[in-house]
Amino acid sequence: MQLQCPMPQLDFDVITLGHGSGGVLTNKLLDSGVFDLLGNEILNERHDGAFLELQGKTAFSTDSFLVSPIFFPGGNIGELAVNGTVNDLAMCGAKPKYLSLSFIIEEGLPVAQFWDILVAIKFACEKAGVHVVTGDTKVVEKGKGDKIFINTAGIGTVHPKADISTKNIRKGDKIIVSAPIATHGMAIMSVREGLEFDSEITSDTTNLNHTILSLIAHFGRDIHLLTDPTRGGVATVLKEIAQSAGLGIEIVQRNLPLHDQVASACELLGLDPLYVANEGVFLAFVDDQSAQAVLQKLQQDPNGGQARIIGSVVEDHPKQVIMESAIGGKRVISMLPGEQLPRIC
Amino acid sequence: MKYMSEYRDPDLARKYLTEIENTVSRPWSIMEVCGGQTHSLVKNGIIEMLPKKITMIHGPGCPVCVTPLHLIDKAIYLATEKKVILCSFGDMLRVPGSKKSLLEAKAEGADIRILYSPLEAVTIAEQHPDKDVVFFAVGFETTAPANALSVLHAHRRGVGNYAILASHVLVPPAIKAVIDDEESQIDGFLAAGHVCTIMGNAAYHPLSSHYKVPIVVTGFEPLDVLQGILMVLRQLEQSTAKVENQYARIVREEGNIEAQKVINEVFEVQDQMWRGIGKIPQSGYAVREKYAAHDAMKKYQVNITEAPENPKCISGQIMKGIKKPFECSQFGKTCKPTNPLGAPMVSSEGACAAYYHFSGMVEA
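As they're listed, the protein sequences go chains A and B.
For the first sequence, the residue numbers in our numbering are 1 to 345.
For the second sequence, the residue numbers in our numbering are 346 to 709.
Honestly, I wouldn't trust all of these hints.
Example chain B residues on the side facing chain A (calculated, C-beta under 10 Å, incomplete) [unchecked claim]: (1) Glu-366; (2) Leu-571; (3) Lys-681.
Sample of chain A residues with no beta-carbon within 10 Å of chain B, all distances over it, derived [claimed, not checked]: (4) Ser-21; (5) Leu-25; (6) Glu-41; (7) Asp-63; (8) Gln-113; (9) Glu-126; (10) His-131; (11) Glu-141; (12) Arg-170; (13) Thr-227; (14) Gly-232; (15) Asn-255; (16) Glu-267; (17) Leu-295; (18) Gly-305.
If you're looking for bench data, these hints aren't it; they were derived computationally from the structure.
As the structure is a prediction and not an experimental result, all values here were calculated from the model.
Note that CB positions come from ideal geometry on N, CA and C, so glycine has one too.
Let's have the full structure, built from the sequences with the hints guiding it.
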């Protein structure tokens with residue numbers, strides 16, 4: 001579904017340095033764009049900061065978004081910036097409530113594109129049930145940025161039944177992956193300059209907070225750890241967890257959900273889907289006793305239809321992640337020395 | 346999935362392993378020549394599944410690894426000093442030259458781009474008539490047709506600002522060099538399937554009959570590799586030595602004639618330096634004089650000579666199968682994927698890097 005809001009008539013087509021200077025142009029941009037679309041009681045105060053009422057344990061997270069290209073199959077940088085921070089809060093077992101939103105715009109960005117990004121932000125906020133309560137806009141000279149960078153920070157209240165920590169992981173825990181992996185990374189890759197290939201892979205970026213909070217409401221402390229395997233993919237996150245928990249992790253390759261198109265694209269480009277970035281995917285470490293019930297509940301959720309148990313926590317090989325390969329061999333999963341680069345043959 | 350899952354079937358893999366187990370009667374050393382096969386062996390955990398009597402030796406078949414240092418230095422020089430748009434396959438970027446890698450040069454502002462096809466580099470040259478564009482044409486016989494085609498394409502379309510920096514290496518002379526080394530004791534070879542897809546199997550028959558060594562042209566999926574090992578093993582156990590084609594679904598005996606024509610039109614065979622091994626006679630490609638205008642070696646007078654390798658690196662012995670990565674005193678200590686001392690640690694297909702990643706060593 002294409003979400004649209006009519007763009008206001010403006011007397012400028014592209015964003016220039018003046019739009020970040022705090023003067024008349026800044027106000028024009030904010031009035032006709034940001035406040036109209038994202039306005040709420042707190043934001044409309046237009047104060048230097050936001051006054052918030054929070055009760056109980058609070059989670060706080062921030063993330064910056066630099067995706068290139070800024071429009072990609074299945075979304076744009078705007079919804080990514082909202083979903084990213086919303087999901088980080090959800091992984092803390094928190095209900096996301098308030099966001100800050102900062103733009104660093106490279107001069108020359110067409111206003112129409114900025115508008116599309118704002119509209120995506122608006123709908124992503126509505127879907128997640130969060131409010132933008134404070135923000136900032138800066139413009140940098142041409143060549144000093146890459147179209148637009150967005151930073152969001154978010155605050156949420158932790159669910160009273162939630163107790164999410166690496167410390168809670170124990171031997172026997174089952175590891176659930178909520179959706180097919182590597183989809184977002186390959187959607188971006190398919191349109192990256194110089195690497196374009198024809199595919200119908202679309203990003204799975206979405207907010208996971210409703211899914212997560214419903215699981216926590218049902219299963220509470222049986223959910224030991226939640227994490228979203230964004231950069232570095234599933235492999236990197238599992239390795240980090242094994243190292244920090246001092247326990248071993250075993251996963252089974254054939255249980256990893258993977259769309260056919262994504263698997264083919266990875267083969268073609270010589271990339272390992274285990275290291276490709278994800279968006280609408282989370283990993284849950286769940287008590288062995290409740291794992292099947294959590295899986296069944298998750299599979300009824302729109303974000304978890306293809307959820308699978310991919311492995312478990314073991315005492316053997318502490319700090320190591322071992323994967324049973326498709327043909328039944330064993331392989332150690334380690335971190336990559338840098339960004340995954342396409343292989344030559 | 347069509348043509349992927351079929352070759353990763355665990356039940357068939359078990360059948361092959363049982364057959365290998367039942368066939369092997371004494372210790373044998375088998376070299377998989379191609380880095381792609383090394384990758385498949387380690388990635389699928391095949392080495393641990395094989396009977397102890399079979400030792401897999403990882404050959405020199407990673408073109409990224411064996412690209413000489415001074416050519417990487419040249420590529421960096423062209424990108425930084427001559428301000429060319431330097432295009433490359435992705436895994437060349439992290440390989441350190443004598444001072445820095447292409448990735449570091451890119452971070453410092455050089456215009457270095459990752460491409461999948463050299464033809465895209467010609468398009469970039471057409472789009473930027475004011476800039477010179479150079480494609481770092483690395484690879485075995487497999488990538489040679491596309492690299493050669495880019496030269497032909499630029500020549501025909503009059504794209505004068507396009508050139509390639511060629512660093513092509515050829516497999517059969519490398520196999521010969523490995524066999525000729527007195528220290529190496531390899532009983533049979535898995536030849537690189539994709540190289541043979543282009544070049545055919547002709548060059549391997551004299552090698553096999555002269556040295557009495559089984560050579561099986563093998564693919565890259567786990568079942569391909571297992572079947573290739575079984576085929577070599579059967580020959581060894583029966584004391585035969587011939588060329589067989591495991592990868593018959595792709596490789597024809599004569600290879601791809603059209604691709605060979607394109608290669609021969611643009612390239613001629615020359616002696617070639619292999620990083621970690623040294624000079625191997627008649628083991629590389631140079632751009633023919635006719636296309637000198639598109640040869641970065643001739644187009645840019647660059648005075649960069651051979652750079653010395655780290656003396657502690659035993660990569661030559663690794664790539665000839667004389668030593669295993671674990672037997673190197675520097676492995677995993679001073680030599681890591683983030684700081685490789687030599688060829689086999691630089692690309693994920695190199696024997697040392699493959700061992701490092703899949704054996705669970707952790708970057709400190």
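Status of each hint after checking the structure:
no.	hint	verdict
1	Glu-366	14 Å, violated
2	Leu-571	8 Å, holds
3	Lys-681	7 Å, holds
4	Ser-21	28 Å, holds
5	Leu-25	31 Å, holds
6	Glu-41	45 Å, holds
7	Asp-63	23 Å, holds
8	Gln-113	22 Å, holds
9	Glu-126	38 Å, holds
10	His-131	39 Å, holds
11	Glu-141	16 Å, holds
12	Arg-170	22 Å, holds
13	Thr-227	19 Å, holds
14	Gly-232	13 Å, holds
15	Asn-255	13 Å, holds
16	Glu-267	6 Å, violated
17	Leu-295	23 Å, holds
18	Gly-305	20 Å, holds
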